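Reminder that position 55 of the sequence shown reads as 65 in this note's numbering, one-by-one numbering, no gaps.
No wet-lab data here; the hints were simulated from the structure. These numbers come from a predicted model, not from an experiment. Some clues are possibly wrong.
What follows is a list of derived Cβ distance ranges for each label pair [claimed, not checked]:
no.	residue 1	residue 2	range
1	191	32	32 to 38 angstroms
2	189	146	29 to 35 angstroms
3	76	184	32 to 38 angstroms
4	179	141	38 to 44 angstroms
5	24	196	30 to 36 angstroms
6	196	67	32 to 38 angstroms
7	80	196	18 to 24 angstroms
8	97	188	44 to 50 angstroms
The beta carbon of each residue, even a glycine, is placed where N, CA and C say it ideally should be.
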Amino acid sequence: MTLRSVFACEPQPQRMRGPVPAGDGRLRRGCDNLAAVLERTHTQGAPHHARLVAAAHAGCAGPATALGVERLADGLLRATIGRDGGHATPVGRLGDGELKYLALAPVLLTGPGVLAADAAGEVPSAIQTLTVPADGLDRDLDGRQLRGLPDPAVSIGAAGHLGLVGTVTEPGAVRARETAGVTVVDLKA
């Protein structure tokens, strides 16, 4: 494995709140370009986008019926979350935990193809594995959001193309231990 096979994911909710320029739609380390990623998944990957909407419904307060992007007059993109009745709320109004959860969802539900990470050219794509270290994985997340992360992480890990390594607090470790396929290493001295 080379260093190019690592994507350090550090969602920065404060940087995810504002509009962003349209881009290639590959999630960056700080996840500040979430709107561009949502635009890409919406236009290029309906099954992936549907899974992201389901994740938003499971991890955000209130019913989430859609994830969308609003193109502003200056050309910037603003991510929105659809609510019952057809109302769209800018994701900038969400709490830090909800934004972090929404940033981790593309990583865990769509895999390496949506991440701004270089592939190891000397390894055939069919056997490449990307490692995603996430320090403070459970920071700002509530219990419902924590319960929603391990299953997709195990599922995508089982496919062999992505592995998630995260540091968590003791409550996060307790929840992780309850999930089949998750290994918890206790580093207490």
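### Query
Taking the beta carbons of residue 24 and residue 196, is their distance inside 30 to 36 angstroms?
For residue 196 against residue 24, whose Cβ atoms are near 31 angstroms apart, the range 30 to 36 angstroms holds.
### Query
Is the distance from the Cβ of residue 76 to the Cβ of residue 184 consistent with 32 to 38 angstroms?
33 angstroms, holds
### Range hint compliance [Cβ, residue 189 to residue 146, 29 to 35 angstroms]
Given range 29 to 35 angstroms: violated, Cβ gap about 19 angstroms.
### Query
Is the hinted range of 32 to 38 angstroms satisfied by the C-beta distance from residue 191 to residue 32?
37 angstroms, holds
### Query
Would you say the C-beta atoms of residue 80 and residue 196 sit inside 18 to 24 angstroms of each other?
The hinted range 18 to 24 angstroms is violated for residue 80 and residue 196, with Cβ atoms some 45 angstroms apart.
### Query
Is it true that the C-beta distance of residue 97 to residue 188 lies inside 44 to 50 angstroms, as the hint says?
Roughly 36 angstroms apart at Cβ, these two residues miss the hinted range, so it is violated.
### Message
Does the beta carbon distance between residue 179 and residue 141 stay inside 38 to 44 angstroms, or does it fall outside?
### Response
Violated, at about 21 angstroms.
### Query
Okay, residue 196 versus residue 67 on CB: inside 32 to 38 angstroms?
33 angstroms, holds
Checked against the numbered hints given earlier, the structure breaks hints 2, 4, 7 and 8 and satisfies all the rest.
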